[in-house]
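Make a model of the complete structure from these sequences and hints.
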Amino acid sequence: MSHFTNKRQNLITFLLLSPGLAGFFGLFFYPMLVTLFRSLRPEGQTSGWTLGNYAAFLSDPDFRGIIWLTFFLAITSTFLSILLSVPLALLLRRKPVGHRLFRLTILVPITVPGLIGALGLLLFWGSRGWFNLLLLQVFRLKAPLTINYTLTGLVIFYVWHYFSYTAITTLSTLEGLDPAFEEAARVAGATPWQVLRYIVIPLIMPGILSGSVLTFMAAFGAFSIPLITGGNYRPLSVAIYKQIGIFIPARWSAASAMAMIMAALQVVFLIFYMRILRRPMA
Amino acid sequence: MTALAKRYWHALINQKKLFIYTFLWSFFLWITSPFLIILLKSVGRNWFGKRWLPPELTLDWYKWALTIANIPQVLSNTLIIAAIAVTISTLLALPTGWALGRRKVPAKEVLTSIILLPRMIPPIAYALGIAQIFYRLHLVDTHLGVALAHVAICAPYAILVLSSTFEGLDERVLEAAAVCGASQLRTFFHVTLPLVLPGILSSIIFTFTTSYNEFTLTLMTYGPHTITLPVRTYLAVGEGYWEVTSALSIILIIPSLFVLFMVQRQVQPEKLVGGFKGV
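Chains Y and C supply the protein sequences, listed in that same order.
247 is the number that our numbering gives to position 241 of the first sequence; each next residue is one higher, with no gaps.
60 is the number that our numbering gives to position 41 of the second sequence; each next residue is one higher, with no gaps.
Hints in this document: simulated from the structure, not taken from any laboratory.
Possibly wrong hints are sitting among the right ones.
[To be verified] Taking lysine to any residue and the SDA-like style, the derived pairs with C-alpha atoms no more than 20 Å apart in a straight line are:
(1) 127/C to 248/Y
(2) 148/Y to 25/C
(3) 127/C to 280/Y
(4) 25/C to 195/Y
(5) 25/C to 203/Y
(6) 25/C to 96/Y
(7) 82/C to 256/C
(8) 127/C to 35/Y
(9) 13/Y to 23/C
(10) 36/C to 108/Y
(11) 248/Y to 234/C
(12) 35/C to 105/Y
(13) 123/C to 15/Y
(14) 123/C to 10/Y
(15) 25/C to 206/Y
(16) 25/C to 192/Y
(17) 25/C to 35/Y
(18) 69/C to 147/Y
(19) 36/C to 279/Y
(20) 101/Y to 70/C
(21) 36/C to 102/Y
(22) 123/C to 279/Y
(23) 35/C to 52/C
(24) 82/C to 273/C
Okay, structure coming up:
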């Protein structure tokens with residue numbers, strides 16, 4: 007009897023899970039399989055097997071440039087996001103005047119569509135934008151700085167768009183921190199700098215790390231931002247889109263091979279991220 | 020080196036207040052001024068050269084956006100697609116979220132992270148596959164097709180929010196209702212539903228904004244009849260009319276602003292970014 011009800015319960019659980027699973031398999035797993043198969047077909051054909059698309063991309067002279075650019079943007083923007091987020095979190099934790107407004111500000115870049123952010127950033131940092139007006143009229147520079155469509159500009163835009171992940175996790179870890187640790191250190195005679203360096207930073211490290219991996223993954227997969235603001239700089243996702251958006255006939259197999267490489271790299275980062283999350287707090 | 024760092028640190032501490040507020044406000048301006056400049060661009064005329072503000076104000080760009088960019092049609096496309104995507108995602112997520120949140124599921128952690136995978140893999144990777152499948156099924160350039168593509172990314176969101184809502188439902192409250200003699204139906208309508216309704220609503224709001232803002236998956240499945248606001252904005256950027264594009268962006272941004280305020284009030288922000296947090 008209990009065996010029977012057990013089976014029944016399992017069946018109900020499975021039936022309840024099935025809509026979500028159907029969505030997952032139909033709209034994610036199956037499309038990924040299609041992409042995988044397409045990447046193994048010769049260009050423009052529906053049969054036959056080849057590794058040529060991967061070989062072609064890996065031996066393409068642009069390949070190293072694309073991979074280098076993608077990693078450079080992701081790593082630089084992650085690093086700068088940490089440099090911004092840690093002081094920001096440390097300040098906001100003390101609840102200064104207007105801290106609610108600043109907290110809301112952190113959420114802005116991940117809530118509004120990336121396209122709009124990109125457009126506004128182009129206007130703001132352009133040769134006639136407010137940033138250059140400030141340089142020309144307040145700091146008396148002779149000529150405006152070119153920021154849009156340069157590597158520096160892209161890094162600034164990436165940090166603007168993706169620092170939120172690092173800032174949010176850092177802030178939430180910091181607020182979950184027991185103040186007793188710091189008080190103990192201070193009572194023991196540590197300077198504020200020592201408390202920060204040896205107590206606070208090590209304790210919030212898991213939060214900083216998990217947030218940075220999220221920032222890194224978002225920056226690595228970024229699409230709409232480099233598509234609009236990248237100019238001649240094309241990271242992996244834009245390079246994939248160009249294969250089907252520019253070439254006629256569209257190079258689906260080449261695009262799929264690149265997409266598979268990108269997805270594989272992302273899965274590696276994801277595994278790394280889960281390992282960080284599983285690690286017990288220091 | 021460390022001595023210098025120490026001195027620098029002390030100097031900062033002495034100037035603390037000024038430094039703190041300069042830092043926070045420049046951060047605030049850095050994030051928000053792009054939006055302010057878009058807003059001004061969308062209502063300004065003859066804004067050229069070294070001017071901080073537009074010399075004349077006009078609503079012409081919005082009129083242009085309405086007529087030339089065909090906003091009524093584009094907006095209705097966007098809303099229809101978002102409505103379909105929200106409906107399908109919620110219907111998928113209600114039972115699955117309930118199972119993940121309240122029932123014994125073998126290997127629950129693995130299952131949850133698998134279902135959330137589409138949020139972590141760059142959409143362009145499976146958008147390529149979706150585009151090819153939808154071409155074969157003649158779903159490209161239909162409202163249902165674009166909406167289904169959006170479900171790929173909306174449903175994991177809905178499942179995430181709903182399963183944590185259902186998980187937070189206190190068993191004792193339900194038992195109390197039963198002990199007090201409420202029938203199952205009465206318990207459901209008077210106890211369970213009011214308790215989970217905020218969660219369902221926030222799931223609907225999140226999936227709606229995700230679909231409304233979705234760009235990559237739309238780009239791979241849209242056609243002349245299913246141009247949505249983000250795609251129209253992207254096309255307008257290519258056409259180079261910055262003023263009209265700004266007007267479009269202002270229209271596009273409104274739902275996300277609503278969500279921003281809801282999020283700040285109700286949901287902990289770390290729940291939004293994590294997804295894998297519980298794993």
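Here is what the structure says about each hint:
no. : hint           : in the structure
1   : 127/C to 248/Y : 39 Å, violated
2   : 148/Y to 25/C  : 36 Å, violated
3   : 127/C to 280/Y : 15 Å, holds
4   : 25/C to 195/Y  : 16 Å, holds
5   : 25/C to 203/Y  : 12 Å, holds
6   : 25/C to 96/Y   : 18 Å, holds
7   : 82/C to 256/C  : 17 Å, holds
8   : 127/C to 35/Y  : 19 Å, holds
9   : 13/Y to 23/C   : 70 Å, violated
10  : 36/C to 108/Y  : 16 Å, holds
11  : 248/Y to 234/C : 16 Å, holds
12  : 35/C to 105/Y  : 16 Å, holds
13  : 123/C to 15/Y  : 9 Å, holds
14  : 123/C to 10/Y  : 16 Å, holds
15  : 25/C to 206/Y  : 17 Å, holds
16  : 25/C to 192/Y  : 17 Å, holds
17  : 25/C to 35/Y   : 54 Å, violated
18  : 69/C to 147/Y  : 13 Å, holds
19  : 36/C to 279/Y  : 37 Å, violated
20  : 101/Y to 70/C  : 37 Å, violated
21  : 36/C to 102/Y  : 10 Å, holds
22  : 123/C to 279/Y : 26 Å, violated
23  : 35/C to 52/C   : 25 Å, violated
24  : 82/C to 273/C  : 18 Å, holds
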